[in-house]
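> Chain residues, written in single-letter form:
2 protein chains.
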Amino acid sequence: MAEDKKPEVAFLGPKASYTHQATLDTFPENSYTHRPEITIEDVFSSVQSGTAYRGVVPFENSTNGSVVFTLDLFADMSNKYPDILVCGESYIPVSHCLLARHPSPSKNASVIDSPLSSGAATPTSRDPTPAKPLTAPLGDISGIKKLYSHPQAWGQCKAFLNTYLKGVERHDVSSTSRAAELVSLDASGESAAISSGIAARVFGLGVLARGIEERGDNCTRFFVLRKKGEEASGEVEAEKTQTQDPNPSYKTLISFTVDHSNPGALANSLAVFARHGLNLTSINTRPSGVENWNYIFFVEVSGSSTAGIEDGRGGNGGAVDLALRDLKEVCRGCRWLGSWENRLQR
Amino acid sequence: MAEDKKPEVAFLGPKASYTHQATLDTFPENSYTHRPEITIEDVFSSVQSGTAYRGVVPFENSTNGSVVFTLDLFADMSNKYPDILVCGESYIPVSHCLLARHPSPSKNASVIDSPLSSGAATPTSRDPTPAKPLTAPLGDISGIKKLYSHPQAWGQCKAFLNTYLKGVERHDVSSTSRAAELVSLDASGESAAISSGIAARVFGLGVLARGIEERGDNCTRFFVLRKKGEEASGEVEAEKTQTQDPNPSYKTLISFTVDHSNPGALANSLAVFARHGLNLTSINTRPSGVENWNYIFFVEVSGSSTAGIEDGRGGNGGAVDLALRDLKEVCRGCRWLGSWENRLQR
Chain D
139 MAEDKKPEVA FLGPKASYTH QATLDTFPEN SYTHRPEITI EDVFSSVQSG TAYRGVVPFE
199 NSTNGSVVFT LDLFADMSNK YPDILVCGES YIPVSHCLLA RHPSPSKNAS VIDSPLSSGA
259 ATPTSRDPTP AKPLTAPLGD ISGIKKLYSH PQAWGQCKAF LNTYLKGVER HDVSSTSRAA
319 ELVSLDASGE SAAISSGIAA RVFGLGVLAR GIEERGDNCT RFFVLRKKGE EASGEVEAEK
379 TQTQDPNPSY KTLISFTVDH SNPGALANSL AVFARHGLNL TSINTRPSGV ENWNYIFFVE
439 VSGSSTAGIE DGRGGNGGAV DLALRDLKEV CRGCRWLGSW ENRLQR
Chain V
139 MAEDKKPEVA FLGPKASYTH QATLDTFPEN SYTHRPEITI EDVFSSVQSG TAYRGVVPFE
199 NSTNGSVVFT LDLFADMSNK YPDILVCGES YIPVSHCLLA RHPSPSKNAS VIDSPLSSGA
259 ATPTSRDPTP AKPLTAPLGD ISGIKKLYSH PQAWGQCKAF LNTYLKGVER HDVSSTSRAA
319 ELVSLDASGE SAAISSGIAA RVFGLGVLAR GIEERGDNCT RFFVLRKKGE EASGEVEAEK
379 TQTQDPNPSY KTLISFTVDH SNPGALANSL AVFARHGLNL TSINTRPSGV ENWNYIFFVE
439 VSGSSTAGIE DGRGGNGGAV DLALRDLKEV CRGCRWLGSW ENRLQR
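So the protein lines, in turn, are chains D and V. 139 is the number of the first residue of the first sequence in my numbering; add one for each residue after it. 139 is the number of the first residue of the second sequence in my numbering; add one for each residue after it.
No wet-lab data here; the hints were simulated from the structure. Built from N, CA and C at the ideal position, the CB exists for glycine as well. Just so you know, not all the hints are guaranteed correct.
Now the in silico label distances, taken between C-beta atoms and shown as ranges [unchecked claim]:
id	chain 1	residue 1	chain 2	residue 2	range
1	D	Gly327	V	Ser233	35 to 45 Å
2	V	Lys366	D	Ser187	52 to 62 Å
3	D	Leu460	V	Lys283	48 to 58 Å
4	D	Ser187	V	Val306	20 to 30 Å
5	V	Ser187	D	Ser326	49 to 59 Å
6	V	Gly456	D	Ile176	20 to 30 Å
7	D	Gln483	V	Thr171	48 to 58 Å
8	D	Ser187	V	Thr171	38 to 48 Å
9	D	Pro386	V	Leu323	54 to 64 Å
10	D	Glu429	V	Phe207	24 to 34 Å
Could you build all of it, start to finish, from the sequences and the hints given here?
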């Protein structure tokens, strides 16, 4: 492949977002061009239309759960993305910082003893045992009147926010990087962003607190998307959707709908996977979009469809293929959404 | 019960919210005092502490899916709400309006012919068949620079927003009523809220568009909460968590966790319900909060635990009780979260 025509990888931007980190993790800069997109749907569109070789989107956070926008795009009610498949995953540790334009990190040791930095949440009659944040502010944060972040971040930093910034006005923006950018533009200095340490450097902001997330092992999982028929190019050696593990394990994503009037329809569908020895690693539901209180189910199972692995390193492809065949017998409709190498460190 | 000491019902406020409507639907004003709370967690606290007789919280929207805040409170990782049970439900049609302080609803019939009000979304190369909104603005909305609403509302009005207000800055606030209030306070007139027709009256706002939600049958389901041991008082005749249906059907909410290393653990757990003839009416998952990529499952099944129905109108209580006994054998841990009369119109 010519050096001047690198394959393009679309990702949920802007630059310096966690999705950008996941993209760099999988597609080294010397072999790929990275193209930030504004929405998750834009990434799906770029891959479906073939204007991007691959796409990278967030799928779930370990603390805050699934990214419903991504699930709804996989549900694909309008049949706009019939050829989208997952072909890889990436786990990125997510550590949030509180960033502001005019930080006043006190060098005074007395701050350590102030109630604000004790790390203890204030008990009230309503909440006698509030969750304790793992970290405390590095200085005075009483001047903060507005908070900006991505909606997912609030749920990942609940204890810190409830303890140190309770009642402060929250503004949702499209990404944690965008939050940092907006704060950098607010001359009043009364805004703060929940964003990454990288964004602090990119936008020249001060760090008022580090690691403010709920759990030390907070992590987001990203999916690499490809278009059906667009197989991994042997020439692009550097693509890291597969490890060099001689005994890799695989995962497969499948969506299905069931006849809701049939008791046990869901259990019967899930039993198919157990019958073929395939462990369910996750399950999600979203409104079906067709009829109220009907749902589309997403399951992730161990193993790979033979259609999913082009290099012949089978996995237990046969079992997934057989399960898909049997699933069609008991569900209303189902779709294979891709198979990829498991990159979760066990 | 003395007239001057009505039972208190806590609900997710503020007044004029959809949860308030659900509360009025179940607890008539002449028999109950209605107390707005600031957060869903405040409602759980009031019921758990006994300071409220009942609580009302949103559970899921037909278009936008589950309310994860409510699910996480039912998951109750910190064991703060051990006695909370669901004892009723209420379905409230949700119709959103676009509200602004200085509406300029054109009386000019030509607006009907303008591209903006054609009801057609603009096709682009990215999105050649965009979803069409069901309604068009009643006048010029080009002056709107900021939108306020509850996060759930964006997902319920996607087609309208993508067609008529694409790219306009969005601010998440705690409720659609609060959105209307904020817009009423913004003297610039550049703000608009996605909120209810009731909120327009309460805050004196003009209606720029009606029924902007994705689907005509958009509906939110609310749960009525009680404290274990606090049974329905026979004296409070007016509580409408039960109908006068001589053959009522019931639903039960159960949470459970499984051993994720055991293939088929989830399927085995769900098979228990099928074995006892209990239809699964919904399933939800949330991160377990204990270990990354482990989940807590919430299932709703037809039928009632005998513990759930105090007035002796059984349902198929025996089957739910037997299923709970069998579930304990195959899952890691499980909890009965209440049984109530099904109020979905079939």
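> For which of the previously enumerated hints does the structure constitute a violation, in increasing order of number?
Per hint list: 5, 6 and 8 violated.
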